[in-house]
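Here is how the chains run, residue by residue.
Protein chains: 2
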Amino acid sequence: MAETLACKDVIYAFDKTHEPVKRVESGTTIEIETYDCFENQVQSADTKIGGIDWERINPATGPIYVEGAQPGDVLKVRIEKLEIGNQGVMATGPDLGVLGHRQEEMASKIIPVEGDHAVFDDKLKIPLNKMIGVIGVAPEGEPVPCGTPGAHGGNMDTTLIAEGATLYFPVFAEGALFALGDFHAAMGDGEIGVSGIEVPGKATVTLEVVKEGALRHPLLENGDGIAFLVSKPTLDEAAKAAVEEMADFLLTRTGLGAADLAMMLSAAGQSQISQIVDPLMTARFFVPKYVLDAYNVTLFE
Amino acid sequence: MAETLACKDVIYAFDKTHEPVKRVESGTTIEIETYDCFENQVQSADTKIGGIDWERINPATGPIYVEGAQPGDVLKVRIEKLEIGNQGVMATGPDLGVLGHRQEEMASKIIPVEGDHAVFDDKLKIPLNKMIGVIGVAPEGEPVPCGTPGAHGGNMDTTLIAEGATLYFPVFAEGALFALGDFHAAMGDGEIGVSGIEVPGKATVTLEVVKEGALRHPLLENGDGIAFLVSKPTLDEAAKAAVEEMADFLLTRTGLGAADLAMMLSAAGQSQISQIVDPLMTARFFVPKYVLDAYNVTLFE
Numbered sequence: 002m003a004e005t006l007a008c009k010d011v012i013y014a015f016d017k018t019h020e021p022v023k024r025v026e027s028g029t030t031i032e033i034e035t036y037d038c039f040e041n042q043v044q045s046a047d048t049k050i051g052g053i054d055w056e057r058i059n060p061a062t063g064p065i066y067v068e069g070a071q072p073g074d075v076l077k078v079r080i081e082k083l084e085i086g087n088q089g090v091m092a093t094g095p096d097l098g099v100l101g102h103r104q105e106e107m108a109s110k111i112i113p114v115e116g117d118h119a120v121f122d123d124k125l126k127i128p129l130n131k132m133i134g135v136i137g138v139a140p141e142g143e144p145v146p147c148g149t150p151g152a153h154g155g156n157m158d159t160t161l162i163a164e165g166a167t168l169y170f171p172v173f174a175e176g177a178l179f180a181l182g183d184f185h186a187a188m189g190d191g192e193i194g195v196s197g198i199e200v201p202g203k204a205t206v207t208l209e210v211v212k213e214g215a216l217r218h219p220l221l222e223n224g225d226g227i228a229f230l231v232s233k234p235t236l237d238e239a240a241k242a243a244v245e246e247m248a249d250f251l252l253t254r255t256g257l258g259a260a261d262l263a264m265m266l267s268a269a270g271q272s273q274i275s276q277i278v279d280p281l282m283t284a285r286f287f288v289p290k291y292v293l294d295a296y297n298v299t300l301f302e
Numbered sequence: 002m003a004e005t006l007a008c009k010d011v012i013y014a015f016d017k018t019h020e021p022v023k024r025v026e027s028g029t030t031i032e033i034e035t036y037d038c039f040e041n042q043v044q045s046a047d048t049k050i051g052g053i054d055w056e057r058i059n060p061a062t063g064p065i066y067v068e069g070a071q072p073g074d075v076l077k078v079r080i081e082k083l084e085i086g087n088q089g090v091m092a093t094g095p096d097l098g099v100l101g102h103r104q105e106e107m108a109s110k111i112i113p114v115e116g117d118h119a120v121f122d123d124k125l126k127i128p129l130n131k132m133i134g135v136i137g138v139a140p141e142g143e144p145v146p147c148g149t150p151g152a153h154g155g156n157m158d159t160t161l162i163a164e165g166a167t168l169y170f171p172v173f174a175e176g177a178l179f180a181l182g183d184f185h186a187a188m189g190d191g192e193i194g195v196s197g198i199e200v201p202g203k204a205t206v207t208l209e210v211v212k213e214g215a216l217r218h219p220l221l222e223n224g225d226g227i228a229f230l231v232s233k234p235t236l237d238e239a240a241k242a243a244v245e246e247m248a249d250f251l252l253t254r255t256g257l258g259a260a261d262l263a264m265m266l267s268a269a270g271q272s273q274i275s276q277i278v279d280p281l282m283t284a285r286f287f288v289p290k291y292v293l294d295a296y297n298v299t300l301f302e
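From first to last, the protein sequence lines are chains A and B. Heads up: the first sequence is residues 2 to 302, going by the numbering used here. Heads up: the second sequence is residues 2 to 302, going by the numbering used here.
Just chain A, same shape as in the assembly (with noise of 0.2 Å):
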C-alpha cells in the first residue's frame, strides 16, 4: 500500500520555513492528489474568470519532508504514474502570454477529456500529453511563489515532465520539502497563451535521496535521455545557462574534451523551449540516450 497525500495540505509559494505535512522515508512511493492550477474554482463555462480567488493560483500538493536530505544532496523524484481528471479548464487574458495584448478580457474555456484526447471544441481534437507544471523542493533563500520556477523546480511548465520521467532537484532545506500540483492534460511547448489544459490528477511518485549528486539546476531522464531545465530572466540566458550546465556535466563523465565537447553538443544536443509565459523563462538542454551510451555516462554513482 503506497503512501498518500490528499490535495487539501497544499502550499502557495516553496518555503523552506514551511512546517512538512507529511515525512517519508528516502525510496518511499507516495500518491499524492492535486487540484488544479485555479485549485479547482472553475467548474462551467459559467465561472466568470476574472471573478475566482487570485490568491489561490497554482497550490502545490506538500511539503514533503524526505528523511535524510540534506543541503547538497540530490532529490530523486520518479514520475511512475500520472492520472487525470476527465475536465480541463484554459484561460487568457490581457497581459497574459504571448498573445495578451490582443485580449479584450478574461476568458476561459472548459475542456472535457475523453479516452485520448481533449476536446477544444466541436472540430478539435487535441491528443493527451499529460504532465506536472509545478514540481520541485524549497529553494535556498527566499520563498518562491509556485507561479514563479527556479534552480529549485517549482512552475518549470515542461512537457517532459510526464509519466516515465525521472527528476533530480538540487536540495536545499533539510528534508528537501517536495511538493507538485499544476498538472494539464495537453500543454504545447512555450505555453503561449499562459495555460495549458489544466486539470486536477494524482501522481504517484518514488522520492529517494541521492547523497553524491551535485546540482545547480534541474536534470531530467527519461527513455529518451536527459535534459537540464533552467530558468532565468531571458529566454536567451535560459537556453545559454541550460547548455552550460549539460557541458559542466558531461565533460568528465564523457572524458571528451572542451571543443570535441561543443562540435558534440552541437551535432546532436538539443535547445529546447520549455515556457515563456511564467515571471522567469524555462529552456532545457537536451542530450539524447544513444550520447549517454556512446561514452557510458552514468548519471550519478
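Where hints are given, some of them may not hold.
Same chains, same names: a pair is fine if it fits in one copy or spans any two.
Said to hold, decoys possible - DMTMM-like cross-link-like pairs, simulated, lysine to aspartate or glutamate; straight-line CA separation at most 25 Å: (1) K233 x E245; (2) K126 x D261; (3) K290 x D225; (4) K126 x D294.
Please keep in mind that the hints were generated in silico from the structure rather than gathered at the bench. Since we're looking at a predicted model, the values are computed, not measured.
Given the coordinates of chain A, assemble chain B onto it according to the supplied hints.
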C-alpha cells in the same frame, strides 16, 4: 531532365542587385550543387582551420531568377531531394557559439558519413538529419551576408529544412533571386557550437511563384505541420514574433476568436529553437497538421 546549377556560382550575401546566374520558369525543378560552409577548404585533419580564407564562408549557390516573381508575391520552394557528401567537418573556437568562452584555440574535426550515421569518434555515431542551413531570397533593403538569417531566409540553420519540406518566402525583388547552401549531415536544435556537421551536397528543389500569398517571414510546411521561422536580435523576441506570425496567419483561416486562438495555440502549438549562435537568433512556432485539418486551413488559395 531537370535543370542544374553547379556550385561554382556562389554568393556570400543575399542582394537584390545581384545579377542572376540562372533564369527559370515558375514550376521548374532544379538540381543545385553546394559547397560546404567552408567552401570545401577543410579536406583533412591537417588543415589548420584558423588558416583558411574566412572571406569564403557560407557560400550559397545562386542566385536564381524565377520568372514572374514580383515583390509582394511568395516563392514556394519544395525540397524534393537532399544529397550530401561522404565527409563532414565541424569547427568551433574562442567566442564562437555558446561554449566559445571555454575554447582556447580554433578547432576542427573531420567527420566521415557512413550510411545513416556520422562517425563523430570511435565511440559515437550520430544519426543523420540532413538539412539546409542557408536558403532564401534577396532581402528588401541592404544586402545580408549569407551567415545572417532574416525575413528573407538566409542562415536560418533550422533542422526542419529537410527533404520533403516546403518553404514559402516573401519575395522582395523581381525574380526573387533564390539561393541555397550550407548543408548539414546532422545538427541539433540551437547549433550551440556554431557548426553542424558541415557537408557539400546537392539539393533538388521545385521553385514556384505564388501570386496570392502575403508573408512577412518564411513559413515551412512538412508532413507534421507548419512553422514560421523568425529571426531577431534576441531569442525572446524571435520566439514571440514567431507566435505573432502564426496567430495572424491562422486568425482568419481558423475562424477562431482571439481568446480561443490563444488558448488553442497554447495547448497545441510548439515554440521551438532553431539556432542561438548566428548574428540574429532564429526561433519557430510550429502548429501540427491535425490542427490545420480540423479547421480546414489552406495555406494559400
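Compare the structure with the hints numbered earlier in the document and write down the numbers of the violated ones, lowest to highest. Going through the list in order, the structure violates no hint and respects every one.
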